[in-house]
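Enquirer: Which chain is which? The protein sequence lines are A and B, in order.
Position one of the first sequence corresponds to residue 1 (the UniProt record's numbering), numbered consecutively onward.
Position one of the second sequence corresponds to residue 1 (the UniProt record's numbering), numbered consecutively onward.
Rather than coming from a laboratory, the hints here were simulated on the basis of the structure.
This structure is a prediction, so every number in the text was calculated from the model and none was measured.
Think of the CB as a built atom: it goes at the ideal place given N, C-alpha and C, for glycine as much as any other residue.
Among the clues, some could well be false.
Dumping the calculated BS3-like pairs for lysine-lysine here, alpha-carbon to alpha-carbon at most 30 Å [to be verified]:
| # | chain 1 | residue 1 | chain 2 | residue 2 |
| --- | --- | --- | --- | --- |
| 1 | A | 374 | A | 391 |
| 2 | B | 33 | A | 264 |
| 3 | A | 436 | A | 496 |
| 4 | A | 280 | B | 33 |
| 5 | A | 496 | A | 415 |
| 6 | A | 469 | A | 498 |
| 7 | A | 469 | A | 496 |
| 8 | B | 71 | A | 270 |
| 9 | A | 436 | B | 52 |
| 10 | A | 264 | A | 250 |
| 11 | A | 496 | B | 21 |
| 12 | A | 280 | B | 52 |
| 13 | A | 499 | B | 21 |
| 14 | A | 88 | A | 106 |
| 15 | B | 57 | A | 264 |
| 16 | B | 21 | B | 71 |
| 17 | A | 531 | A | 415 |
| 18 | A | 695 | A | 531 |
| 19 | A | 280 | B | 57 |
| 20 | A | 264 | B | 71 |
| 21 | B | 33 | B | 57 |
| 22 | B | 21 | B | 57 |
| 23 | A | 98 | A | 88 |
| 24 | B | 52 | B | 21 |
| 25 | A | 264 | A | 280 |
| 26 | A | 415 | A | 499 |
| 27 | B | 33 | A | 250 |
| 28 | A | 270 | B | 33 |
| 29 | B | 52 | B | 33 |
| 30 | A | 415 | A | 374 |
| 31 | A | 106 | A | 280 |
One side of the interface only, derived from the structure: several residues of chain A facing chain B at Cβ under 8 Å [to be verified]:
| # | residue |
| --- | --- |
| 32 | 274 |
| 33 | 275 |
| 34 | 298 |
| 35 | 300 |
| 36 | 301 |
| 37 | 303 |
| 38 | 306 |
| 39 | 307 |
| 40 | 380 |
Below, each chain spelled out in residue letters.
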Amino acid sequence: MSDFFGFNTVMPGRQGGRIALNLEEQQELDRQVQKYALETGEDFEIYDYGETYDNLADDLEETRDDLNDETFGGAGGADEGTDFDFAKNTHQVAPALKKEEELYIKQSDHSGVRRSSFASLWENDGNNQQESFMKGLPEPSHAASSIWGSFGNTTAKGMDLGGNGGFAVHDPVFGQGTFALSRPAGFGGNQPSLEEIEAQLSRTAGAQPHLQMQQERKMMSLEEVEAALMNINGGRPIYSEAMIAEQQAKQDRLEQRRAERQAKQADIAKHNGLMTQSDKDFINRIQISQLVTDDPYADDFYCQVYTALRNRHLQQMGIPGNIMDAEGNQGDSRRRGGNGRTEQRMQQQVQRIVSDAKRNPKRTNVTVEGALGKIAVNSVLNPRQLLQVSKRGSYTESSGSNSPKPPSPGPVSTKSHTVLGWIENVYTYVLALEQKRRQQPPPPRMGEEEIAGEAIRRWNEEYGVLARKMWNELRITVPIGIVHPHPFISILNYSKGKKVIPRVLRHLLPEQTLTLLTMLVANFESLNVCKSEVYADVQGNQEIELFMNTIVPPLLGFVSEAPFRIVVGLLALFIERNNMIWVARSKPGLAFLTLFLSRAEILKQGQGNYPIPEDREVNQWNELYHRLFNQLQTHFSALFMPKATMAEDVHVWRFLAAMAVGATVDQQHVLVTEVREQVLENVIAAQTTRMSPEKAAQRIGNVNLFLHALGLDASQVSVPSM
Amino acid sequence: MGTLDSIRSNPEAVLFYSFFKTLVGQPVTVELKNDLAITGVLVSVDQFLNIKLDNIKVVDEERYPHMLAVKNCFIRGSVVRYVQLPAPSVDTALLQDAARRERQQPATGARK
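All chains should be built: construct the whole structure from the sequences, respecting the hints.
Expert: Right, dumping it as structure tokens:
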């Protein structure tokens, strides 16, 4: 073919396969090559192929083509040349295309609402329409004129140029620009064509509709401004220019922020819908299966109990509102509402996963057929070990000692680790008992008593077994005198031991509690909190506080329910076995004494739940009292700590009051005489206002504890003149 | 060969996870093994003790200027050295009990 889109394709001087240049042209060419070689430093000699043509083309067989037509069928030589006539074919289909285009425009007019929402993803309240035009996005509604152009013109041209009509479409948007672009006219040519494009764009596409939109926007926002003004100023619009400008600025900022937010949402929404619900469920199931537990108390103990305790505290303190809401301190209402549904779904999923897991338990090591060993499957609960230490000997020992051994009948040692071991065993049993409590079977309903009764019986048995084991572990029944201090006392000497007592008491029978109390009273003076030097150091004080907070209150409750003879018996034991002067010096000792004395008084006066005790018992009591009094006589003032703070004194005053109630007149006289100094000191200190009113009131209150028991009052005390 | 000996379960992992779950919403300071210490509100924790923090503030700001603009972070559990927590949020007695329970009955990792 000799015509390539209108270009002459004949190579310069090509005849017979060899490039023939006459002499002049050859010399000129050589000179130019040399000059270029000098400039660039390249060696062009190597590129001179010279007579390198191998004349292989002469051997091509180009005959015997007579039967080509028969072999290949009539080649497309029927039309003019072998080119496909784009223009003519388009011309034939043009009417149909026009109709389709009109239909499309009509459709797009109807679906204007939908399109505007789609457009708003890209165009943001019309602010960026300007930009969208610059990017070259043609608004569909503006393609009123045919995008296919005028076919009459192009067809004629196409036929003239012999087949390149499809190329020169007169596009209303891009106009001549397209035509100019596609001609590769070198560097210089492109610039004018770009400018041409821009001119076309601003001329045809942007100008009018854009202006219109801007005007509309300004008018709308003016209305908005007026409305806002009306609202803010209570119905009367203020037309000051500054206000209007402010409002305008505010509106602009708001719109800007809204636009940003929508743009971000659109960015995220671009990737919506990649996963189906089943995909999401699949992944959720995998994640949840790692977390799932069928007994939350067993696996998730701390969290469950902690939240339960906190909710109970909140309820007690009367926090208004639902406890469940108080848990999520980050939750806003949206999240809570959504969470309810998701929680339900999660629970269902969890149940499903639990049943699945129960059916097919996964193994921690996998054995593949033909492999030479097992493969350990690592999970969170079975992690890859950093060190691999082989323990052969100690393994068998340690595996057996998880369950606490029963107390050995032989000599009981009181080495610290032994005692601590006992305490840990007690804890084990307490925890087991509390767990059992939680699993208590419900009381039987009518008609189901048989089945439920069986479960209840079994539960009671197991509970009893554990409780007995715990009781044994406390070493309370060990006879006195074998070891000093008594094992139970050794337990109580540790803070861990003190802390466990209130929990133990919840699971003990009343007679066991009594035995415990008896043991404690019998060996009281060997308690470490009973030493008076203990007051000096901080840790000792902590232990005393701990004792007062953990052991005294539950036993106080017990004694408050006890009958008279028990109180008498306990006090008798107390006095007999312990040095009262020593014991009375300590806070716990005084606490117990006060406890016994006050309870006895209440019972004597018949105010307890029991009938007034018989004379015999009352006489016993009086005897005891006198013994106690005689022992403590002349030591009463020494009970007061030398440099004690306010709080320390209270228990002493309380004890004195308890003593005073049961005292005869003479005894009372003795009491007053001994304690007189202290009373006066307090009253004077309170009256001379050196201290704050609360402290003064406290001092007076303390003194009155004692004085009221005598039938006196602090106001009656006359300050002796100095 | 070594794996046979080392098939032991790790019950304390569950205890720590349970413990951290109660601290969600509290301000904590996480010190990493690379000495970076970050304070923030605990958003979430998972079974691997990976930690997500909100509103973070690096403890020693000058040494880590690249963290100035970071608001939230996800910390892989294996790089944590310490987690400093507010004392009132911990019930120590309950924690002791939970630890005792873990010792006696390891969380049923054998199930997995």
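Enquirer: Measure nothing beyond the straight line between the CA atoms of residue 88/A and residue 106/A; if it is 30 Å or shorter, mark the hint as holding.
Expert: Holds, because 28 Å separates the two Cα atoms, which is no more than 30 Å.
Enquirer: Minimum Cβ distance from residue 298/A to chain B below 8 Å?
Expert: Residue 298/A check passes; min Cβ-Cβ to chain B is 7 Å, inside 8 Å.
Enquirer: Tell me if the straight-line CA distance from residue 531/A to residue 415/A falls inside 30 Å.
Expert: 21 Å, holds
Enquirer: Regarding the hint that residue 306/A lies at the interface with chain B, is the smallest CB-CB distance below 8 Å?
Expert: Since chain B brings a Cβ to about 5 Å from residue 306/A, closer than 8 Å, the hint holds.
Enquirer: Is it true that the CA of residue 280/A sits at most 30 Å from the CA of residue 52/B?
Expert: Satisfied, since the Cα-Cα distance of roughly 22 Å is no more than 30 Å.
Enquirer: Tell me if residue 274/A is really an interface residue toward chain B, meaning its C-beta lies closer than 8 Å to one of theirs.
Expert: At 22 Å from the nearest chain B Cβ, residue 274/A fails the 8 Å test, so the hint is violated.
Enquirer: Between residue 98/A and residue 88/A, does the CA-CA distance stay at or below 30 Å?
Expert: 16 Å, holds
Enquirer: Keeping to a limit of 30 Å between CA atoms, is the pair of residue 695/A and residue 531/A held or broken?
Expert: Since the Cα atoms of residue 695/A and residue 531/A sit roughly 29 Å apart, the hinted pair holds (cutoff 30 Å).
Enquirer: Run the distance test for residue 469/A versus residue 498/A: straight-line Cα separation, threshold 30 Å.
Expert: Roughly 19 Å between the alpha carbons, so the hint for residue 469/A and residue 498/A holds.
Enquirer: Between residue 21/B and residue 57/B, does the CA-CA distance stay at or below 30 Å?
Expert: Holds - the C-alpha atoms of residue 57/B and residue 21/B are around 22 Å apart, at most 30 Å.
Enquirer: Between residue 21/B and residue 71/B, is the straight-line Cα distance small enough, at 30 Å or below?
Expert: With Cα atoms ~22 Å apart, residue 21/B and residue 71/B stay inside 30 Å; holds.
Enquirer: Please work out if residue 71/B and residue 270/A have their alpha carbons no farther apart than 30 Å.
Expert: 25 Å, holds
The structure fails hints 2, 4, 9, 19, 27, 28, 30, 31, 32 and 33 (numbered hints given earlier, in ascending order).
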